[in-house]
Amino acid sequence: MSDTTANNNLNSEMEPGVRPSLPPPTTETGIIGWMRHNLFSSWSNALLTVLALYLLYLVVPPFLSWAVIDATWKVPPLAAGAEDHPPQFGDCRANAGACWIFVEARLPQFIFGFYPVEQRWRVDIVFVILAVSVFGLLSERIKQKKHLAIFFFAIFPFLAFWLLYGGLGLEVVETRLWGGFMLTLILSGIGIVFSLPLGVLLALGRRSDLPVVHLLSVVLIEFVRGVPLITILFMANVMLPFFLPPGIEVNVLLRVLLGVTIFAAAYMAEVVRGGLQALPKGQYEGAMAMGLGYWQLMRLIILPQALRIAIPGIVNNFISLTQDTTLVAIVGLYDFLNIVRAGSRDTNWLGTEVEGYAFCAMVYWIFCFAMSRYSMYLERKLHTGHKKR
Amino acid sequence: MAQAAQNVPAPSDQPMIELSAVNKWYGQFHVLKDINLTVYSGERIVVCGPSGSGKSTMIRCINRLEEHQKGRIVVDGAELTHDLKKIEQVRREVGMVFQHFNLFPHLTVLENLTLAPIWVRKMPKKEAEEVAMTYLKRVKIPEQAAKYPGQLSGGQQQRVAIARSLCMNPKVMLFDEPTSALDPEMIKEVLDVMIELAKSGMTMICVTHEMGFARTVANRVIFMDRGEIIEQNEPEEFFKNPKSERTRLFLSQILHH
Numbered sequence: 148m149s150d151t152t153a154n155n156n157l158n159s160e161m162e163p164g165v166r167p168s169l170p171p172p173t174t175e176t177g178i179i180g181w182m183r184h185n186l187f188s189s190w191s192n193a194l195l196t197v198l199a200l201y202l203l204y205l206v207v208p209p210f211l212s213w214a215v216i217d218a219t220w221k222v223p224p225l226a227a228g229a230e231d232h233p234p235q236f237g238d239c240r241a242n243a244g245a246c247w248i249f250v251e252a253r254l255p256q257f258i259f260g261f262y263p264v265e266q267r268w269r270v271d272i273v274f275v276i277l278a279v280s281v282f283g284l285l286s287e288r289i290k291q292k293k294h295l296a297i298f299f300f301a302i303f304p305f306l307a308f309w310l311l312y313g314g315l316g317l318e319v320v321e322t323r324l325w326g327g328f329m330l331t332l333i334l335s336g337i338g339i340v341f342s343l344p345l346g347v348l349l350a351l352g353r354r355s356d357l358p359v360v361h362l363l364s365v366v367l368i369e370f371v372r373g374v375p376l377i378t379i380l381f382m383a384n385v386m387l388p389f390f391l392p393p394g395i396e397v398n399v400l401l402r403v404l405l406g407v408t409i410f411a412a413a414y415m416a417e418v419v420r421g422g423l424q425a426l427p428k429g430q431y432e433g434a435m436a437m438g439l440g441y442w443q444l445m446r447l448i449i450l451p452q453a454l455r456i457a458i459p460g461i462v463n464n465f466i467s468l469t470q471d472t473t474l475v476a477i478v479g480l481y482d483f484l485n486i487v488r489a490g491s492r493d494t495n496w497l498g499t500e501v502e503g504y505a506f507c508a509m510v511y512w513i514f515c516f517a518m519s520r521y522s523m524y525l526e527r528k529l530h531t532g533h534k535k536r
Numbered sequence: 026m027a028q029a030a031q032n033v034p035a036p037s038d039q040p041m042i043e044l045s046a047v048n049k050w051y052g053q054f055h056v057l058k059d060i061n062l063t064v065y066s067g068e069r070i071v072v073c074g075p076s077g078s079g080k081s082t083m084i085r086c087i088n089r090l091e092e093h094q095k096g097r098i099v100v101d102g103a104e105l106t107h108d109l110k111k112i113e114q115v116r117r118e119v120g121m122v123f124q125h126f127n128l129f130p131h132l133t134v135l136e137n138l139t140l141a142p143i144w145v146r147k148m149p150k151k152e153a154e155e156v157a158m159t160y161l162k163r164v165k166i167p168e169q170a171a172k173y174p175g176q177l178s179g180g181q182q183q184r185v186a187i188a189r190s191l192c193m194n195p196k197v198m199l200f201d202e203p204t205s206a207l208d209p210e211m212i213k214e215v216l217d218v219m220i221e222l223a224k225s226g227m228t229m230i231c232v233t234h235e236m237g238f239a240r241t242v243a244n245r246v247i248f249m250d251r252g253e254i255i256e257q258n259e260p261e262e263f264f265k266n267p268k269s270e271r272t273r274l275f276l277s278q279i280l281h282h
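The listed protein sequences correspond, in order, to chains A and B.
Residues 148 to 536, numbered by my numbering, are exactly what the first sequence covers, in order.
Residues 26 to 282, numbered by my numbering, are exactly what the second sequence covers, in order.
Heads up, a few of these hints could be off.
[Claimed, not checked] In the DSSO-like style, the derived pairs of lysine-lysine whose C-alpha atoms are separated by at most 30 angstroms in a straight line are:
(1) A/428 x B/165
(2) A/528 x B/172
(3) A/428 x B/265
(4) A/428 x B/111
(5) B/150 x A/290
(6) B/150 x A/292
(7) A/428 x B/213
(8) A/290 x B/151
(9) A/428 x B/196
(10) B/58 x A/428
(11) B/150 x A/293
(12) B/150 x A/528
(13) A/292 x B/147
(14) B/151 x A/528
(15) B/147 x A/293
(16) A/290 x B/147
(17) B/172 x B/213
(18) B/147 x A/428
Quick caveat, the hints were computed from the structure, so don't treat them as lab data.
Just chain A, with the same shape it has in the complex (with noise of 0.2 angstroms):
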């Protein structure tokens, strides 16, 4: 303090223009600094904070005992003279809490569905590669990204599906085994990889100058928006075998990855549409002075800033598609939330929902706080204005 002081008294006897920078008070800044700015600025703010923490005490205790210790984690020992008998609810009665035991001696299913319990080894293959592929895409420590994208959407979803279908010397899994987190991650991962240069290439065509593929965009991206996924979905399902001829048949997971691939395709072009919108004419103008040919102008100039203005929107799609496709279930399909869903409805696990769907909220909210989290992170690497460096 007394510092600082000197120092502005210093301040007032220098000569104007050669006064220095000085740190500002020491009240401004660390911990109580913090707190007067954030929590307590004013009567009314200071009231907030004192609600805040009443309302964080009335929920975060209960839960925590319920969640972590009051909750079953083991199978309890058998008690004298009871048969042996599979893990079930009534383990968990001696405790008031969460019965975790239910998610763990269901886990593989809610992994794998149905899909044999032999061969799952080749979806814990395609499990690891994708894990590592995705890894090696979004790091910015791995430099070569060129082979990897090739053989990541090259190549990757035909070795994936070899893997998943089998064929060619693997034994066939029919796709109604399919299931659980396995299947959310496939619909989930092919409609956002999809539904993207889908929604670019309908945003294009929305603002195109050619009247026959403008129409056709709008067309297409007015009918999609104003129906909900569920009725696109009972009509890929039920409708869609009506327009194709007789004795092809297409199989039903096709179907509905194709209705969620263009539900959101629709939804991702408008928000395209918005980012397209916000560059300026200049930015058009100037390239096309140059020469530039409408694709080359589109993929080097327009798309890069108008994706990347658009990438909270597109983030945001991509999360709200993945919390879509547990609208599957409607269809028949056991995805993660509805395989977990049937689990609890086991005879030997009635009683166990809460458990099942907290197990499920939590898994989901990982997926896509991690996404949201690399959404920022990329919009601020791609910055290149006043702020960088």
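Dock chain B against chain A, hints included.
Relative to the frame of chain A, chain B by itself:
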């Protein structure tokens, strides 16, 4: 100033740009009325006039950023029609500098400069970068090559924009009010670059109100009002003896500031 003009090479008698009876409408609004203009190779023309007089629209028709509805525009032997190939061919040969620079903010300065040579001229990247550095040196900011446009001052950005156009090795340079968006202390650095360019014999059309610049380098000054070319003359004559009343009024307004 008049002496500086003598350092500038004289234009040839080869027509580079020909506008004959060009008319353009925005909806019902007749924005260009029967424009006739021939620009010779190596000629430097300054276009001035009140705002809304159609001067920007006229030069934007020359590289087809705007479409004219009647008349003929021929640039370097190619007539501008709906033929996209021709339009892109003309745009390759005609550089343009805009009021608001229109640099690409997501690319570094060097990438801004090499983009068109690489993608339009199919120049190898290394060669394009060498060319780019030559022009960055010419506009006196080679040290900014790795920065993003958002990190430069307005004057520096406009100089980058000029260098970017020059990298395409154009036959004509169009300037659309290049100094109007700049702070006063930055106008000179941009004008210096443009004067330098004029001395190298580049064919230039500049829409500008910098009358000092017009006196220094222009062969001809054109005054436009309400979509028409009202008068044109050598700078000396134009400023000393404006023929029309409208020109006199305009000059008195901008020169008394």
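Outcome of the hint check:
| no. | hint | in the structure |
| --- | --- | --- |
| 1 | A/428 x B/165 | holds, 28 angstroms |
| 2 | A/528 x B/172 | holds, 15 angstroms |
| 3 | A/428 x B/265 | violated, 39 angstroms |
| 4 | A/428 x B/111 | holds, 22 angstroms |
| 5 | B/150 x A/290 | holds, 20 angstroms |
| 6 | B/150 x A/292 | holds, 20 angstroms |
| 7 | A/428 x B/213 | holds, 27 angstroms |
| 8 | A/290 x B/151 | holds, 21 angstroms |
| 9 | A/428 x B/196 | holds, 25 angstroms |
| 10 | B/58 x A/428 | holds, 26 angstroms |
| 11 | B/150 x A/293 | holds, 18 angstroms |
| 12 | B/150 x A/528 | holds, 25 angstroms |
| 13 | A/292 x B/147 | holds, 24 angstroms |
| 14 | B/151 x A/528 | holds, 26 angstroms |
| 15 | B/147 x A/293 | holds, 22 angstroms |
| 16 | A/290 x B/147 | holds, 26 angstroms |
| 17 | B/172 x B/213 | holds, 22 angstroms |
| 18 | B/147 x A/428 | holds, 26 angstroms |
The structure fails hint 3 only (numbered hints given earlier).
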